[in-house]
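Peer 1: Take these sequences, add in the hints, and give me the full structure.
As given, the protein sequences belong to chains A and B, one line each in that order.
Read in order, the letters of the first sequence correspond to residues 1 to 248 in the numbering used here.
Read in order, the letters of the second sequence correspond to residues 249 to 485 in the numbering used here.
One should not assume that every hint holds.
As the list claims (entries may be wrong) - As a list, the in silico EDC-like pairs of lysine to aspartate or glutamate whose alpha-carbon atoms are at most 20 Å apart:
| hint | chain 1 | residue 1 | chain 2 | residue 2 |
| --- | --- | --- | --- | --- |
| 1 | A | K244 | B | D299 |
| 2 | A | K157 | B | D261 |
| 3 | B | K294 | B | D400 |
| 4 | B | K404 | B | E357 |
| 5 | B | K459 | B | D449 |
| 6 | B | K405 | B | E433 |
| 7 | A | K88 | B | D325 |
| 8 | B | K405 | B | E428 |
| 9 | B | K459 | B | D437 |
| 10 | B | K331 | B | E357 |
| 11 | A | K157 | A | E44 |
| 12 | A | K157 | B | D299 |
| 13 | A | K88 | B | E428 |
| 14 | B | K331 | A | E12 |
| 15 | A | K88 | B | D315 |
| 16 | B | K419 | B | D315 |
| 17 | B | K263 | B | E275 |
| 18 | A | K160 | A | E12 |
| 19 | B | K367 | A | D77 |
| 20 | B | K443 | B | E394 |
| 21 | B | K387 | A | D85 |
| 22 | B | K331 | A | D77 |
| 23 | B | K367 | A | E190 |
| 24 | A | K157 | B | D325 |
| 25 | A | K160 | B | E394 |
| 26 | B | K367 | A | D85 |
| 27 | B | K404 | B | D437 |
In short, the hints are calculated from the structure, not lab data.
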Amino acid sequence: MMIQIARTFMLENIRNYGVGFGNSLPAFLFLLISFAMKFVVNEETFLYIVKGQFLPISILLLIFSFAFSSVTIYLADMKANRTFDWLKRTNVSSSTYYIGIGIGIFVLVNCMLISLLICYKLFIMISWGNVFSIVLISNFVLLALYPLSFILAGVFKNGKVAQSMLVPIMILFMFSVTMTTMFLTLAGKEPQQYFIFLIWNPMLYLNDSLQYYLGLTTMTWLPTYQYFVILIVWSLALVLIARKVYHR
Amino acid sequence: MTLSLQNIVKTYDGKAVLNHFSAIFPEGGCYLLLGENGAGKSTLLKCIAGDVMYDSGVMSYDRQLVDCVALQYQTFDSYSHLKISEVIRLFQALTANQKNLTALYDLLELAAYQHILVKNASGGQRKALSIYLAFLLNKPIILLDEPFADLDLTKKKQLGAFLQREIQQTKQIVIIISHEVAGFESLFDAIYILKDGQLADYGTLAELEEKYQNPVFKGIEGIYFGMTGQVLGGRIA
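Peer 2: Now the structure itself:
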């Protein structure tokens, strides 16, 4: 059953060309701009901008728009168009469907993420070990964000409402981390000293890990295994809330 | 097994959509719900199916009711980027005790448009798919909301004949909302007429015809006209 559900989710997303293109465009747009910049600025500036801003933002946007945002809209629409009313009369359990869609998302996001990282690897130095580590932490962040999609889809009436509400949520999740880090760095302060205020944001752990794996910082704020533990706890806590909210 | 509804009340924003509705639906029967738009028919089906929680009243059935009901909604907008055959395969995979529905599959001519994406399917094709899925779920109570609407005349007739055979063989309870009933009089074991959320009248066709004699319209149309002063549509040859 799970495989059939995952296959269904992937087919629907792949065939929905407009949404698929829109979701992957922001991430790959930064890739294209990075490529163009290579011929305009000197090597040091190029590496600093790409590793410090463009590559992390590409990955954050990819995870946010391709997985989190599009899944929230997909789930909100499934609720609005009575798909879940149909499904509750089959023999599929909520958890089976949850895991099935999850498998679909993880496959799609990882395909896009690995493609993106390989493209970046063509013009900046990233070891395969670090590529693997980036994929790993990205998957843990995805794990933490996935149940949040169900919570938001439970709150929003349909896909259109979800779409409009996701913009401020995206700004909150992404820019609270990237802008804080950038402005504190420019101010000559150590961003990691302020991360305690951002522990609620899964993107923090991704961004901090990316900075480390790309060689911009010498160590992560907390040991990486603690990030994995925090993100798993995050995910489990949100699953419990999602079970209440989405099935109201 | 009998489905019994007693004093069902459902209000939206203080307005009673179902106002102490009571009815009994014995097994092995096909029942027609008639009423004007907004009379509470669709809400009643959603309450029986468990999609909408009713405010008060009692629904009783021999087993847990929500596990025994399949509801075909008026429209089917799910899985818009899947092909019709893929939607059927998905539901076959998700339904443990599915039944053989070759006859229904053939009469709805699903094979002819199985490769069409749901988003590109016509109203009639979507309707055919939703009817097929409702029966695929293999529940003892089947609720059909306007099953004949959007279907062509041949399919309407064949679906009527299928329903008659199916109910005789399986002893299911089939409750239908339809405004296109001319020609299907023999299908219904009883007719329930709703008005302002209440059961205005009910009985067999013969009983109601006796009560609401009409020189212009015959059958169910005459009964409906007698009660509401309005005309039902969808006469078939």
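Peer 1: Determine for every hint whether it applies to the structure shown.
Peer 2: Taking the hints in turn, this is what the structure says about them:
About 16 Å separates the Cα atoms of K244/A and D299/B, which keeps this hinted pair within 20 Å; it holds. Between the alpha carbons of K157/A and D261/B the distance comes to roughly 18 Å, so the proposed pair stays at or under 20 Å and holds. At most 20 Å may separate the alpha-carbon atoms for a hinted pair to count; K294/B and D400/B exceed this at roughly 26 Å. Between K404/B and E357/B, the direct Cα distance comes to roughly 12 Å. Compliance with the 20 Å bound is thereby established for this hinted pair.
A threshold of 20 Å between alpha carbons decides the hint, and for K459/B with D449/B the separation of about 10 Å falls inside it, so the pair holds. Between the alpha carbons of K405/B and E433/B the distance comes to roughly 12 Å, so the proposed pair stays at or under 20 Å and holds. For the given pair, K88/A sits about 16 Å from D325/B by alpha-carbon distance, which is consistent with the 20 Å threshold. A distance of roughly 11 Å separates the Cα atoms of K405/B and E428/B; the hinted pair therefore holds under the 20 Å criterion.
As the CA atoms of K459/B and D437/B are separated by approximately 17 Å, the hinted pair is consistent with the 20 Å bound. In summary, the hint linking K331/B to E357/B is supported, as the alpha carbons are separated by about 15 Å, within the 20 Å threshold. With a CA separation close to 48 Å, the supplied pair K157/A and E44/A exceeds the 20 Å bound. At most 20 Å may separate the alpha-carbon atoms for a hinted pair to count; K157/A and D299/B meet this at roughly 16 Å.
For the hint pairing K88/A with E428/B, the CA-to-CA distance comes to about 29 Å; that exceeds 20 Å, so the pair is violated. At roughly 10 Å between alpha-carbon atoms, K331/B and E12/A fall within 20 Å of each other, so this suggested pair holds. A C-alpha spacing of about 9 Å is found between K88/A and D315/B, which places the hinted pair at or below 20 Å, so the restraint holds. A hinted pair counts as satisfied when its Cα atoms are at most 20 Å apart, and K419/B with D315/B qualifies at roughly 17 Å.
The straight-line distance between the Cα atoms of K263/B and E275/B is roughly 32 Å, outside the 20 Å bound, and the hint therefore fails. Only pairs whose Cα atoms come within 20 Å are accepted, and K160/A paired with E12/A is accepted, the gap being roughly 18 Å. For the hint linking K367/B to D77/A, the alpha-carbon distance of about 14 Å falls within 20 Å, and the restraint holds. For the given pair, K443/B sits about 18 Å from E394/B by alpha-carbon distance, which is consistent with the 20 Å threshold.
Taking the CA atoms of K387/B and D85/A, the gap is near 15 Å; set against the 20 Å cutoff, the hint holds. Distance restraint check for K331/B and D77/A: the Cα-Cα separation of roughly 18 Å lies within the 20 Å cut-off, and the hinted pair is therefore satisfied. Pair hint K367/B plus E190/A does not hold up; C-alpha atoms about 53 Å apart against a cutoff of 20 Å. A hinted pair counts as satisfied when its Cα atoms are at most 20 Å apart, and K157/A with D325/B qualifies at roughly 16 Å.
Under the criterion of a C-alpha separation no larger than 20 Å, the hint pairing K160/A with E394/B is inconsistent with the structure, at around 28 Å. Pair hint K367/B plus D85/A holds up; C-alpha atoms about 19 Å apart against a cutoff of 20 Å. Restraint check for K404/B and D437/B: satisfied, since their Cα atoms lie roughly 18 Å apart, inside the 20 Å limit.
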